[in-house]
Every structure is written in structure tokens, then in C-alpha cells.
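*Asks:* What follows is the residue order along each chain.
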Amino acid sequence: MHAFHIRYRNTQGTLMRLLNAVSRRGIDMPYVRAEAAEHTHKLTLLLDVNPKQIGQLGRDWRAVVDVIEVRAGAPLPEALAYEASWTGTPHPPAAAVGPATEAAASA
Amino acid sequence: MPKGAEIVLRCLRAQGVDLVCGYPGGAIMPLYDALEGSGITHILTRHEQGAVFAAEGYARSTGKVGVVIATSGPGATNLVTGIADAKMDSVPLVCITGQVRSSLIGSDAFQETDVFGMTMPITKWSHLVRTIDEIPEVIAQGFYWARSGRPGPVMIDIPVDLLKASAEFTGPVEFHPHPEGADVAVDSIFCQSLIALLGQAKKPVALIGAGAKLSGAVAELRCLLDELNIPTFATVHGLGAVPPEKPYYLGMVGMHGTRAANMALQETDLLLVFGARLDDRVTGEPTRFAPHARIVHFEVDPAQLDRVRSCDLPVIADLAESIPICRQKLAATSLPDWSSWRQVACGPDRAELDTKGLAQPTIRFLDELFRRLPQTTIVLADVGQHQMWAAQRYRSSSPRGFITSGGLGAMGFALPAAIGVQLANPTAMVVSISGDGGFQMNIQELATIHRLSLPIKIVVVDNKYLGMVRQWQQLFYDRNYAETDMSDNPNFVAIAYAYGINGRRLRAEALIGDQITPEANDTLDRFLESGKPELLTFECPPEANVYPMVPSGAALSEMLFEE
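Protein sequences, first through last, are from chains V and R. The numbering of the first sequence is this note's numbering, which starts it at 1 and goes up by one. The numbering of the second sequence is this note's numbering, which starts it at 1001 and goes up by one.
Here chain R stands alone, though its shape is the one from the complex (with noise of 0.2 Å):
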């Protein structure tokens, strides 16, 4: 009879993994005791946090399951980060973790957490294992969660004597939901209100966001914008969902979004959001938002709708059903000619304006660094003002080639996803960008990547700031800069070499203006061209910041430039 570690790694077999990220401990032992000829690859990192950002980095990048394995206890609770971002974000996760054995739950033994509890809040479902013979339905159950509607995270906790005993196993199981449970298919219907609104409309746009990616209708959802051929934006998990060169595309929107995007939100009267939540980054004050504007909410998960704004038509179904019902009905449609509008909105009057100040030699390296990618490459930002200089500025057509944490706001997020994304996407060029302060979140990953052998090409944007909160401090604190100074950092380049990994740097002075310097083209290519991994360390101007920005509390159309 197979123990219960067996029948665990056989059910994961069944769901189609493969590949698990994790770290061992006393609780979890007997699933690592199993994992030789299961058929299943362990990725071993440094840190729990950095195998289940690992994890994420694979589910982002494909759209499969991640899974991570972690032992009870501290083991359990460093995960916590990564289960929110993966929530936050809608990542498909499922986190195994081992238990204290049955009998000591409940009593503070050694090692021993409330993780089932502690992680109730920012997980789709979970669950406590309590006998062996329910293993094989409480994995079914929880990759059928994970995958389901909204895609999130899923914790199994599992007593370590339960995964050391034997019982018997007549193979893996399928879950199926209670009907009530089940997914409802859409009604055509709602396209009678879609019509009329968009006949009333002066001024529509569309916001896209996640969920154009994660339903897999991209390919319908690029068909229906050049049909509408509105004024288009998306917020930071849209990118790359619209091709950047078409002519209704204005960038990002929010925070930090385009000047012609945030502009043309706030004097639309007929707004379409297709998968995007318009959470408080996205929208800027709330009761500011889009003001003029009727609300059309394409939303899988009926519990994102009307969290800032009411929305005057829910359509509460899978992008996947409804865009394609969407394009037959308004094929039969003479749509209004918003062709004035879209000149107003799309126009060169609300082009970007070039960048000033001291942000302009790290926009310029960015520029240069993405230039030179080929069009697969897939980038990862981590946390701050690296984050939203790589969004403005990458130019990515793929839905899935720009991946960061984006509503939790995970710092030390990128260097460990992209250990996952170069997994899952072996010949693809991966390019994680960190800033110095999330770079040293994470930074014992560099063993993995040496360890594996990945090419992945790591970049440390290193203002010596805590970039994006000392910007905050300049612009809303009187320059207090409080504790964001980071003037003392250690030297990355050598820090690379002592994981066995090689380091460049380049400094901001080889890219002044329009100018490059030879020896910085040079830095950049070889940089790229290796086929191992390689760290890149760009020495920027501490005090820059990102522009455009909407102030907290602020309107979109409030927006602040470099002056």
C-alpha cells in the first residue's frame, strides 16, 4: 500500500505537474523522502518566499497551476506573502504544507502554526487534511478552486503522520462542484443594453485589464477593439494584452499611467472594463473617477464589481463567453462614427512629453535595454519606481510578457518569479528588474539561478534609495527622508561573483540625452548575449521620480509632471 506522501505526489502527477518549488523541513520529510522517481521535478530555493514567488513566476508566465511545498511552522508562514500577492494578482497557486502530526494539533508543538487559519483570509479555499483516504479529493478539489473562475491560491495542510502512513489507493479523483457552485453560461441578452449605450455615446473607451489574459480571450478581445476602434488603456496586468503600435492604444493608465489615457478616462461617457477590478491605483480618488462616465464591467468574479464605483451593466461571465457573443451581436450593428473623438483623445496634442530631469539616463537604459530584446522576451519588474518606468516603457505584445506583483505590491517579488518563468519557458530570454531595495529582499536566490544554470538576465536599478517611498517623502513629506536612504549598499557586482554569477555595471553618465557611450552600447550587448546568467547593476541618480503621477486622493486628471 503507498504511503501518503505517494498518493499526494500521485495525485499532483494527475493534475499535470511537473515541476514543484519548495523547501524541505521536519514536518514535510516523507513528501520529500517520495519525490525521487515520482516524476516530479523539485526546484529547491533559499526561502520559502522565494519558492512561492518561484511558483508564481510559472503559473504568470503559462497560466498553469503553481505549486509549492513548505514544512509547518516558519515554513508555512514565510509563505504568506506570496499566497496575498497570488490572490491579489488571480494566480492559479496551490501551497502544500506539512503539519504537525494529528495528535499534537492544537497543543504549540514544536513547529506548529494555525496556517489553515492564518491564511483563511487571502486564499480562495483550503483545507486540513484529517485522513489519508481524503488526500485524493482534497487535491482534486483544490486545483479545481485554484483554476476556477477567478484563478487563485489554495492551501492544503497536511499532519506529517498522515503523509508517513499507508492505506489503500485505487488511483487519482476528479471533483465536481455542487451544481449551485457551478459557472453559469452568459445570456446574449445583455448585448441589447451594451448596444444602446454605445448609441448614446459620445465618447466611449476601454479599459482592459488582467482578466483578458487570464480567460485566454485575447485574440477575441484584440478582434472586438479593432471593431469598436475606441480610445483603449489598460492597467499594469493588461499590458501587452492590446499590440502597443495600434492606433487607439494610450499606454497605462492610473498612478503612473500615460497623460492621453488618464485624460481620456476622466472625460469618457461610456466606459467598458473588460477583466480589470479598478482598484484605487487605477482609478485615483474614487468619487473622482470617470465622472461622466457609464460603467460597462466585463468581471468573471461578480465580487470585484462596484467595489469604487457602481457600475450601470455587470456582465458577470468568463471574457471568453461573452466577447465572442459581443462581436456577433454588434456585427449586426451600425455603430456611431467617434471618429472626432478618437482624434481628440488619440491625437498629438495628449502625446507623452519627453522626459526631463533627473528620471531621464534610467528611461534612456531602459529604452536601450528593451530596444534590444527580442519580441519573446518576457520581463519581470519587481516593486517601486523601477516597476513603473519598465511598464511605461516596455512596449511588450504578448499578454503574458510583462509580469509583476501589481496589487499587492510585493517587494523582492521578481528575482525569485523569474527563477519560474525561466523554468516554464526554457528558450524564451527572461529579464528580471529589481530596485537595490527589492533586489536585497530576495537576493539569496542568486543560488538558485547559479545552481540551475538560467540564463536569466537580473538588472539592479540602484538609486541607493528606497526609490519610490523617498519620492513620496519629497513630493508629500517636505523631503523627510526617513529611513529610505540605502547610500550604504553593498557592491552587487561583487556580491553576483560570489554566487558564481557574473556581474557588470553601468553608470548614469554613459547615457546622458540622446548620447550612448560606446563602452555602455558594448555593457548592454554582452550583457544580453551571454547565454548564462548575468547581473547588471545601473547606477542611477538617486533623486529622480516617475512622472506622470496622480497624488493620492487626487483625480486622475490631476496629474504631476517633471517640472
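If we strip away everything but chain V, and leave its shape as in the complex, we get (with noise of 0.2 Å):
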């Protein structure tokens, strides 16, 4: 697991443009938090990728308009916590109305 730290102006589209480059390659993304961070905003992002994507994912991101740095770190404690509790976690469509719902609508 990679641990990638990046600064952005939090204009439109920028955080879906700094996702996309990560969904684009089908890579999962076990951990993202993105949070105002003085005057820009900061995304935190935990990947499992090879040295190759590292370079590609980092021209990539430095690429995007508004994007002001990329650094790749050690994953922080919390990161990995979550990680590890996404990792093999089966992901069913849920319903938005389960049964206790309907029971409730229908009487």
C-alpha cells in the first residue's frame, strides 16, 4: 500500500479529476479522505500500485489544472485501519427500503 498526499485549489471537477485518474486504471481505492486544508484543500489517498502507476498516477495528478502538489508517504495508522477493514469486505447493492420499511409503509 502507497499512501499519496495532494494539495488542490478545490475548484470544480479538480477532485473528480484527481479520482478519475485512479479509477480510469481499475485500481481500488481503499482509503480517501479529502479536507480544506488552510487556504487550499488536501486529498489523502491509500493505493496498492506498482512503481509503474506511482509515475503515471503522479504525472498524471500534476497534470490536472489547480493541482499545486503530489507527494507519495507511509500510509498513516488510520489509513491502514480502514484499509483493513474495507479489505475483502463483500459490497451487496442494498436495498433503500428493506423489509421493516415496507412493513411500516404498508400499514
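Keep in mind the hints are simulated off the structure, nothing from the lab. Where is the CB? At the ideal position from N, CA and C, for every residue including glycine. Among these hints, one or two may not hold up.
Residues from chain R shown here face chain V by an in silico Cβ test under 7 Å; the list is partial [to be verified]:
id	residue
1	M1120
2	P1121
3	W1125
4	H1127
5	W1145
6	D1306
Two chains, two separate frames, one set of hints: put the complex together.
*Replies:* See below:
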């Protein structure tokens, strides 16, 4: 697992372009955190990527308009904890309306 | 107070826009209502895809930003192929779409699509306008990003209520990017490494891509290549950057490149790449590409580096900056003698083989056509076999003299793109070459050509197949010609007449071997001499193939030739 920290201006679509660079390569995103950081925004990602993908992602992210800085670093313990709980968890489609809600609605 | 639509048009004028291509519809109607008297000419195509390709043709042939306008929903989605094409081939393009009114966004209203989200991966920058006040800033920013660095498409989506609303307008604004996003001046320190690499090289070569013309550095690059005097070749978008008569020039490289270029690329020990992405059509199997080479990559967009192979020396800068520095430093350097390598790589043993087999009449036809064209001609090729034949045979000395959809390979590109090219270059001869498949993808643009009386020379190479797919089916799928047969093609000459365009027909039998019949000679001459739009259908053998060919997954040295 590699952690990436990206500082960006929170303009329209910038966060989505950053995430799209990952998703277009079919890479899972077990940990994503985007937050305000002083006058800009910060995105932290935990990704299972190979060295070639690290290079490609870094260059793609830097090419996004309004990205200020891209850094790779060691994963935070908090992020690793999220990642451990995510891995292997099945993701069945969840019904928006459960049986209990349906029963209440029909009563 | 002006309306939002008038503000948009005045901001476009401030960016130097005098021509836009588009197609009206509900959500963009206020902009069309304000067009008259704006100083902007609108070109009505017959499909939004035609409009975006026409805007691309305008941009590709001039280097200026092309502008396309469409309505919301299907109007916007019909732009998508052209936007992706512009992204792949680095074409500066501003797309303006109407959107449903602000209060309806997100409600799945009539003709509402999330074109902002839909085009995010294929644009450099995009913006959904939320207030009328931000229009001047958004348009200035859009043009800045379309032009800057590696050019590309931007999308500006404007809700119809903002186009109708009125506001104070103090005039167009300029956009200044944040310092972090600004280009950094190139440092000459890379030259020390370059000189060291050149000093060690025994078999250096140069590969020229689209970056040469995009940067406007062609003149400097030509001087540098003359000084280096090393075997040189080009990608399909680099054609014309190097005069084809140069003794060190080996033509196009890649899947259908010349024998000499592909062999030199596989043997080189130092590859200088000037503004090329090194995509898979250029490299062949990436793991076996230029196996002995160190790579020096001159590139304005760092995202293009190391995509298929790591480079040893990246030079991240506009070629217009880096090449003059190179020339200055190299002038004071004694370079090795590469004459023996040059004699091998550019020698007669590697000259192109004579065309054999079923492709012979088509090659002959293209040679006869190209031989008649003035130097200033701009040739457009659609996508497929005819595209590769044209790229192999047309020897332009103009960096913008050969235009095609290279990266995306979008069939249907050439005919509408030729409209934009002819509008931007009214005195130039413009020749659009399509296959029978691609021609039918935007055949409706014959109406646009007729309405504008554009003297475009339209060539349809009709083999009654989707030829390139059929070629792959023949070579790699045991001749299973699944769904590529087009033997029931319509009469293209009659269709041209129906659109008010004169049509002619040539058959392969008129161009066999070294012979061309007097009738065929006359047909070609009259086709080109006319000052009106003309269509010429060339009916060629259905099972002709493009050679040389590097099969998918093979190294560039493993070319197939006609047996």
C-alpha cells in the first residue's frame, strides 16, 4: 500500500479528475479523504499500486489544472485501519427500502 | 445591461474568435439569438459531431483555438467523440454548451445531461457556470487552458437562464494562473547530459511528433536536425515537420511506417524524441521497443513521459524554448562522426520495396493525385487503410499540411474537419480523403459544403469493406470477415449530385502498373481544376492490404510485407 497526499485548489471538478486518474486504471481506492487545509484542500489516498502506476499517477495528477503539490509517503495508521476493514468486505447492492420500512409503510 | 448571451459573445470576440461552428437547440437559443451583429460568423453543420470536427479542422490547420457551440442533452453528447479526439491529438478547442435552467439541474429535465461530468476525463478543464457574473472570467480561463502547455479541449456549460439574464458588464477580462501552475523556464543544464549521451552514441536517431508544429518550433527544429544530421523519422502527426527530401529523413515510423524508419528505431542506441507521446502505434510492443536505446524525451507535458518506456533524460519544456538552447550549446561541441551509421540507416538497402499486389492501383491513384497538388495543399485523411496509404505517400513539407485523427482514430473525421480547414485557409487547396465506411459516418456534411460553396476536393476510396478491420480479420482472424462487408454501398456520385455537388468515378482498371488511361488522367485534372466542391470515388480492389505492417504485440522490426 502506498499513501499519496495531493494539495489542490478546490475548483470545479478538480477532486473528481484526481480520483478519475485512479479509477480509469481499475485501481481500488480503499481509503480516500478530502479535506480543507488552510487556504487549499488536501486529498489523501491509500492505493495498492506498482512502481509504474505510481509514476503515471503522479504525472497525471500534476497535469490536472489547480493541483499544487503531489507527494507519496508512508500510510497513516488511521488509513491502514480503514484499509484493513475494507479489504475483503463484500459489497452487495443495498436496498434503499428494507423489509421493516416496507412493513411500516404498508401499515 | 447586456444579456448573458451577449457577454459570452463579446468575451469570445476579445479572445480573437471570429468563427464558430455549431448546431442550435433549446438551451442554447439565447446565444443564437444574440449572434447577429456580434462580429462572429456561425457555421451551421448538419450534426454536432460535424461541428466539433469542423472546429478541430480550423484549429489543427491554424494553431488557433477552435470554438464549437451546441445545445444541452443530445447536442452536448454528440460533441463527445470530437472532444476526445481533441484531447488525444492536443487540439485547442473551446466547447460551449447550453444547459437546462439552473433551477432544473439535477432533476433529469428534458434534454438535461451531466455533460460536465461526462466530459471530465476527456477535457483539460471544464466549468458549469453558476452566475452571470463569472462568465467573463470563465471564458478567459477556458481559452487560457485550451492554448497553454499541451493544448487541448475545454468545456463550458452555461444554463439557459444565465444566457437570458442581464447584468452589468465592464468588459472582457484576462486570466492569470496561480504561480504554481505557471510554466517554469527551461534550464540549460540538461544540455550537459545531452552532450554526454551524444558523445557516447554510435547510432543516434531523432523522432518527431506533433509537438514540433504545436510549439511553432519547426524552423528551429529543422536547423537542429541539419546540424545533427542523424537518421530522422516522424509520427503521423509529425509528418511535414521535416522536408521529405532531406537525405537523413526516413519517413513515418510505427505500425505502418517505413522499413528504414522502423529498423533504425530498433537498432538505435540513442533516441531523441521531440514532442511525441510514444503511443503503442508508434512503439509496437512496448517491452521490445528500441531495446538498445537510451531515450532523451523533449516534451512540454510531463504526464506524457515514461508511459511505455522510461526515458533517461526528460527535457520538460516547450520545444520553442529547449531547441534553441540545444543548438546554442551544441554549436560549441564537437560531435562524433556518424556517417557510417547514416549510410546504413538511410542507404539503398533499406529503401521501400515496390508496391505489389492488390494495393498497387490505390497507391498509384494516390501518387497521381498527390503529384498534381500544389505545395500549399492541405490533405485530410479519415481513418483506416486509405489513411495509412495517404500518410505513406503524401510528402508534404508543411507541418500542418497533413491532418488526420491519429490518437483516437475517429472515423467520420475528415469530411467535416475539411470544412474548418477550408474556412480557415480560403486560398489553399483542401483535399479530404475518406474510406467508404468513414465517409458515411458524416456524409450529411456534404450539405454544409454545398451551402458554403467550399471548393473542397472530396475523395472516397471505396473498397466496399471496412478495409482496415477486414485486413486484420484476414491476417489474424482466419479471414472471418464478420460484419465488415459493405458491398451494397450506395452510389456516392449520385448522392453527391443530390447534395448539389459534382461527382466523378474512377475504377482501379484505369491505374494498373505504370499505366494510367487518358480518361483517368482527364478525370483527375478536371476534378482538381474545378473551383467548386467536387467528389471523386475511386473504386479499388476490395482485398488490398496496407504494408508494411507491424502486427499487434510484435516489435517494430517484425514487419509484414506483401507476399
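*Asks:* Next item in the hint list is M1120/R. Is there a CB on chain V closer than 7 Å to its CB?
*Replies:* holds, 5 Å
*Asks:* Does the CB of W1125/R sit less than 7 Å away from some CB of chain V?
*Replies:* holds, 5 Å
*Asks:* Given H1127/R was flagged as interface, is its beta-carbon under 7 Å from a beta-carbon of chain V?
*Replies:* holds, 5 Å
*Asks:* With 7 Å as the cut and Cβ atoms as the points, is W1145/R at the interface with chain V?
*Replies:* This hint holds: W1145/R lies near chain V, its Cβ roughly 6 Å from the closest one there, short of 7 Å.
*Asks:* Does the interface hint hold: is D1306/R within less than 7 Å of chain V, judged Cβ to Cβ?
*Replies:* holds, 5 Å
*Asks:* Under 7 Å is the threshold here; is the Cβ of P1121/R close enough to any Cβ of chain V for the hint to stand?
*Replies:* The hint holds - P1121/R has a Cβ within 7 Å of chain V, the shortest such distance being about 5 Å.
Violated hints: none; the structure is consistent with every hint.
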